[in-house]
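Student: Listed below are the residues making up each chain.
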Amino acid sequence: MAAIDARGDDVVLTLQDNERSLMLTVFTDLAALLAEDSDSDDDRPDSENWEARLGLVDRPRPQDPALLRLLPDVDPEDDERSAEFRRLTEFDLKQAKAHNVRIVLLGLSKGNDISLTRDEVLAWMKGLNDLRLVLAVRLGIDTEEAQEEKYAHREDLSESEDLTLTLYDFLTWIQDRLTTTLLEQTQGDDEI
Amino acid sequence: MSNPTTPVLEPEVDVRPSENLAKPWRTVVFNDPVNLMSYVSFVFQTYFGYSEEKAHSLMLEVHENGRSVVATGGREAMERDTQAMHEYGLWAACQPDSGSD
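Chains as they are written, first to last, in this note's numbering: chain A, 1 to 192; chain B, 193 to 293.
Don't read these hints as lab results, they were simulated from the structure.
Warning: the hint list may mix true and false statements.
Unchecked claim - Calculated Cβ distances over 10 Å to all of chain A for the following chain B residues: (1) Leu-228; (2) Tyr-242; (3) Lys-246; (4) Asn-257; (5) Thr-264.
Claimed, not checked - Label pairs and their in silico Cβ distance ranges: (6) Arg-138/A <-> Glu-268/B: 15 to 21 Å; (7) Gln-16/A <-> Thr-264/B: 42 to 48 Å; (8) Ser-290/B <-> Asp-58/A: 27 to 33 Å; (9) Asp-169/A <-> Glu-244/B: 23 to 29 Å; (10) Leu-68/A <-> Glu-268/B: 23 to 29 Å; (11) Arg-87/A <-> Asn-257/B: 31 to 37 Å.
Said to hold, decoys possible - Partial pick of chain B residues on the chain A-facing surface, computed with a CB cut under 7 Å: (12) Phe-222; (13) Tyr-231; (14) His-248; (15) Leu-252; (16) Ala-276; (17) His-278; (18) Glu-279.
Given the structure is predicted, the values throughout are model-derived calculations rather than measurements.
Cβ coordinates follow ideal geometry from the N, Cα and C atoms, glycine included.
Bound conformation, chain B alone:
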C-alpha cells in the first residue's frame, strides 16, 4: 500500500471587495399621473405575487408618498425587477440601499 502524499492545493483567491455582493439593493416605484391605481395593484399582485392587501397598500404608498420600495435583495434580482416594472410601464429604479427609507 502506498501512501501518496496528497498535494495540497492552495486555491488562488482573488480578493475583491465584497461590499457590492453583500450590499442590499432595492426596487423603487415612483408615482406618476398616468399609472392607474387598479393597474399598479394588479402588477404588484401578478409580478411579485403579493397578496391583494399588500399590493394595495404598496400602491397607496406610491400614490400618497410619491414612491415605495417594493422589493429588496441582490443587485441582479433588483435590476431584473426594475426591468420588469419598465416593461409594465411603471416608473421604477434600482438603487443601492442607503438605508434612508
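Okay, chain A solo, but in the shape it has when bound:
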C-alpha cells in the first residue's frame, strides 16, 4: 500500500510496483488527452503555433465533456464572453495542465520511492485533481448524489467501471494525503 511522509521540506511518496505502473498508464492517457487538438487541421506542435499562443485564432469549445471539465467556460451564462476568453487563455491553461502532468510522469519514472519538493507536490496535487475530474466524467459522477449512487450500488457496476472507481479512490487518497501533508508543513513553518 502506498505511503506518504514528510521528510524535512520534501514529501516522500512510496508506491508499490503495480500502483506505479497503473499511475504511469493513466497519467500518460491524461497527457495524450491534453495534447489532442482534434478540431484543428493545424499539424504544428503547440509550441510552434504562435497564433494560438497569442490568442489570434478561435479555439473551439471542447466536444469531449472530460476535456471541457478541464478547460471550462469562464462564465457558463455568457457564451460570447466565454468564447473570447477561451481564445485568449485556453492555450496557456492547457499548457499549464500538461506541464503538471509532465512533472508527475517524471516523478513516476524515478522509481517506487519518489521524493518531491513543495513545487512538485503542488504539480502532483493539480495533476491528480485533473485526472480525477476526467475519471469522474467517464464514470458519470457529476453530482454528489450520482457519486453516492455509484458506491451504494457497486455490485451493479461493470468490471471496468468497478476498477475505475477503485483507481479513483486510490488517487483521491494520494491527493488528500499530499494536500494535508503540505498544509501541515505550512502551518509548521508559521509556528517557527
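Go by the hints and put chain B onto chain A.
Tutor: Structure of chain B alone, referenced to chain A:
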C-alpha cells in the same frame, strides 16, 4: 522677458460608458463531487492568501450552498482569479456582480 501665451491643449476625450469599469465582478466557485474539502481549503489559502479559518468557511459554503463568491473586484482581476481556479481544477466562473448573492 517674454510671456508666451501657453496654448491650451484640450484633451480629446473619448466618452465611453464607464459602467464596465465601475461595475464590480465576482469569482464564483461551484461545488462538485470531485474536489476534496482539504484541497479546496488549501487552494483558498495558497492562492488568495486567506487565513485557515476564512478558507475553511468559504470551502464549507461551496460544499453546503453549492457555490461561494470567493473574490470581488475589477473584471480583469476576476478573470485572472477564475483562470487560476481552473488551473487548480476547481469549477469556477467570473460573472458580473448583479448583487443577487
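Student: For every hint, state whether the structure bears it out.
Tutor: Consistency of the hints with the structure:
no., hint, verdict
1, Leu-228, "5 Å, violated"
2, Tyr-242, "13 Å, holds"
3, Lys-246, "14 Å, holds"
4, Asn-257, "13 Å, holds"
5, Thr-264, "15 Å, holds"
6, Arg-138/A <-> Glu-268/B: 15 to 21 Å, "35 Å, violated"
7, Gln-16/A <-> Thr-264/B: 42 to 48 Å, "47 Å, holds"
8, Ser-290/B <-> Asp-58/A: 27 to 33 Å, "28 Å, holds"
9, Asp-169/A <-> Glu-244/B: 23 to 29 Å, "27 Å, holds"
10, Leu-68/A <-> Glu-268/B: 23 to 29 Å, "24 Å, holds"
11, Arg-87/A <-> Asn-257/B: 31 to 37 Å, "32 Å, holds"
12, Phe-222, "9 Å, violated"
13, Tyr-231, "5 Å, holds"
14, His-248, "11 Å, violated"
15, Leu-252, "14 Å, violated"
16, Ala-276, "10 Å, violated"
17, His-278, "6 Å, holds"
18, Glu-279, "5 Å, holds"
The structure does not agree with the numbered hints 1, 6, 12, 14, 15 and 16 stated previously, though it agrees with the rest.
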